[in-house]
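Residue strings, one per chain:
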Amino acid sequence: MKPIALLGRTVLAALAVIGRIALFAVDAVSHILRPPFYGREFLSALMNIGWLSLPVVGLTAVFTGGALALQIYAGGSRFNAEAVVPQIVAVGMVRELGPVMVGLMIAARVTSSIAAEIGTMKVTEQIDALVTLSTHPMKYLTVPRVLAGLIVVPLLVAVGDVIGVFGGYAVATGTLGFNPAAYIRNTVDFLEPLDVISSLTKGAFFGFAATLMGCYHGMHSGRGAMGVGRATKTAVEGAAVLILAANFVLTGVFFTL
Amino acid sequence: MIEMTDIHKSFGSNHVLQGLNLSIPKSTSMVIIGGSGTGKSIALKCILGLVTPDSGTITVDGKDASKGDRDAFLARFGMLFQGGALFDSLPVWQNVAFRLLRGSLKRPHDEAREIAIEKLRRVGLKPDVADRLPAELSGGMQKRVGLARAIAAEPEIIFFDEPTTGLDPIMSGVINELIREIVVEMGATAMTITHDMTSVRAIADNIAMLHEGVIQWTGPVAEMDQSGNPYLDQFIQGKAEGPIEAVR
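Each protein sequence line maps, in turn, to chains A and B. Under the numbering used here, the first residue of the first sequence carries the number 277, and numbering increases by one thereafter. Under the numbering used here, the first residue of the second sequence carries the number 9, and numbering increases by one thereafter.
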């Protein structure tokens, strides 16, 4: 009976965490819609999540786009389909790799930093201090970060898409012998508005999920350095899994249903 | 007047408060003493609503602390946290003026800064500290900044959680004197948690000895040494033998 009991306890514990995260998300959204708003904290979160993530997003996208072009060329040449490189790079980057790579980079860079920062605030009683200073931690800490993630990550995804496509273009025209003008024309002609809409929608969801997980696990951090370390690790794992699972669902919603 | 009646609070099987009763008259300074882990901080956090008691009532000036406008309620309090709890990302003056820069007590930026610098001066810090970050200050200076933040909005009630922990004896004496002066000049009601008997004698009008989740003795500080209470006597004299079990 022990393994079954253990499995049952694990499943119940996992469901309880999912429930708590869902309630936290509902609470965060309800606070987004109600004043007061902390403009300075929102601008600071926009800067941290958006502007300061640009280098890592750009580098990730350019290498991913370049590698994608090489893979498609190598795979396509097995059945004389090398010419589809521009189209597949564009669709692959915009629909799938752009949002997912940016989402995972945000999980690594932003979720971890939010969880560590808020977790440290919790263990050093700064969150209690906020309450005694008549400031709701959800409004002051969570809302600015979640709102910034929701707004700025789609923009990062758009930038990542363009840079990724450019990475493919650079490799294709520089080493695979593609004509630059034809490559751009094929890319632009092949993409549809729905591709871009799905990319930005995924970006918004991933931004929301990544920042929310950072805030939730930071707010529920255990005591001491170990507690903050565990909260940070769990936040990044949770955000990455949530992003990949949501990507699957959203892809299904946009393209296969 | 703060009145705590039959407060119970447990964390799992750990019954921290087991029927705590305590009254703190207006404009007096109450110090709660007791061993580590006896629930002193929890009692204080129950009043502020940071921890919700399992049962019992807390009233402030006759009004139930768990009901009514929370912002207005908290605006009456200031608190000095054990580790300072200063916001790392904000310069010192914005920490001090935090409450004056947002919410119902919001003042214009320049006025808030002026008040912050005045409060820093009141706790013995120079104006050039105002633009530094908390991490650039020593432990004693951080305590003073925490004290300045606690009094910035001139609250009616001030809580001090272990105000001298981690400080050298001279700095402890300075902080004790500051607390006493500020409480007297503001006419505030003060509640302090400490293990430090020097602080107790410097700060308190009344003391309460908390052990096993209940107040074992309470009375004026002048009567502390002749209380005849075995718990209090053991604590004051720092003896290993007595009703309070000392783990070796």
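None of these hints come from the bench; they were simulated from the model. Any given hint could turn out to be false.
As the list claims (entries may be wrong) - Calculated pairs, BS3-like style, for lysine-lysine (alpha carbon to alpha carbon, straight line, at most 30 Å):
| hint | chain 1 | residue 1 | chain 2 | residue 2 |
| --- | --- | --- | --- | --- |
| 1 | B | Lys75 | A | Lys278 |
| 2 | B | Lys247 | A | Lys415 |
| 3 | A | Lys415 | B | Lys34 |
What the hints assert, rightly or not - Some chain A residues close to chain B (C-beta under 8 Å, calculated; not the full set):
| hint | residue |
| --- | --- |
| 4 | Thr400 |
| 5 | Ser410 |
| 6 | Thr411 |
| 7 | Pro413 |
| 8 | Met414 |
C-beta: ideal position from N, C-alpha, C; glycine also.
Could you work out which earlier hints the structure fails to respect and list their numbers in ascending sequence? Going through the list in order, the structure violates hints 1, 2, 3, 7 and 8 and respects the others.
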